[in-house]
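Chains as they are written, first to last, in the numbering used here: chain A, 1 to 197; chain B, 1 to 197.
Hint data in this document are derived by calculation from the structure and do not stem from the laboratory. Among the clues, some could well be false.
Identical chains blur together in the list; that is why a pair holds if it fits in one copy or across any two.
What the hints assert, rightly or not - Below, in silico cross-link-like pairs of lysine-lysine (DSS-like), each with a Cα-Cα straight-line distance of 27 Å or less:
id : residue 1 : residue 2
1  : 53        : 73
2  : 118       : 53
3  : 33        : 78
4  : 159       : 33
5  : 104       : 197
6  : 73        : 148
All of these numbers come straight from a predicted model, not from anything done at the bench.
There are 2 protein chains.
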Amino acid sequence: MNYPNGQKRNTATKQVIKPLSTHYGNRGMSLEKDINITNTYYLQTNRAVIHKKPTPVQIVDVHYPRRSAAVIKEAYFKQASTTDYNGIYRSKYIDFEAKETKNKTSFPLANIQDHQIKHMEAVLQHGGICFFIIRFAANDETFLYPAKYLLMDWKHHLKNGRKSIPYHRIQQNGVLIPFKFQARVDYLSVVDRLYFK
Amino acid sequence: MNYPNGQKRNTATKQVIKPLSTHYGNRGMSLEKDINITNTYYLQTNRAVIHKKPTPVQIVDVHYPRRSAAVIKEAYFKQASTTDYNGIYRSKYIDFEAKETKNKTSFPLANIQDHQIKHMEAVLQHGGICFFIIRFAANDETFLYPAKYLLMDWKHHLKNGRKSIPYHRIQQNGVLIPFKFQARVDYLSVVDRLYFK
């Protein structure tokens, strides 16, 4: 069994590894990798079934060389029409997007698409759990920020032309996600607190 | 507003179009296209939020020409680790795969992957709604076939080397999906009957 990042899992010494005390720093890995490792761990331990959706690609030209796999020779990146992650947890539909920023004082709204906002609204309407995972790389902090706040910020953004969410707002309405050894971004522990009280 | 297949929707005459009586034949379109049109209709009418996942692609080489979009110059198709469609309906997680066959008397299991089976088992365990949509193109019939039967067939398949599910079994344990004008494969009407009694 390999981790998605290609590291071999050392099963022989598994028993000896002591759990690290809960802290909130990552180790310089990208947020996406951390979440993928976390989702693999959740899947293996039968905690949840949550996957990242593949990157949407518009395929234009495919070659079929003899005796080998089809090769895509021309393709383009498409905009995602939904969020990147979804699945099922404790019988509930769960749906989220993950973003990392180097900013220290605010989270820019520029890289969120209008149809992603619409998607999040629809998910909430239908009774799903929906949020953003936002990492401030400079502070080494990762927050779960519920969709309802993000939707409020977005409306505010449309009205007032504000292009970002202040850090203090995310700190106030979001919840810091603990870093753990296997569940590197242990967001389900926060989901338990926020959505299954 | 265009349908995903590129057809223009004639909004001017929308009111005049009489609903067709429910029947069970499609019009030679591919199952995937029919389901995409259906999902778009469900989304627009706020009935459900269900999307097809993008085709998973392993990207090897990307060019960045000046002043234009990035071009993927080399990529390969990857095996999907889950089913193709998922989303939320009536607060429940919903997950399915769609397959079309030209066979008349049975549905071949060959193009279902082992990890898709594992995925379906996990979804059922966590309380999700999970099924196959199977179209017999020759008979022009489309069935909703609940995952629990498919998992039984799969076990049988592993034990006895049977490589397909007989048509009569799908007819007996599945439910024929009605064809409608906008919801071309109106599977949610069947989901209502099977899972929300």
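Verification of the hints:
no.	hint	in the structure
1	53 - 73	both (22 Å within a copy, 22 Å between copies)
2	118 - 53	both (18 Å within a copy, 18 Å between copies)
3	33 - 78	both (21 Å within a copy, 18 Å between copies)
4	159 - 33	neither (35 Å within a copy, 38 Å between copies)
5	104 - 197	neither (31 Å within a copy, 51 Å between copies)
6	73 - 148	neither (42 Å within a copy, 40 Å between copies)
Hints 4, 5 and 6 from the list above are not met by this structure, while the remaining hints are.
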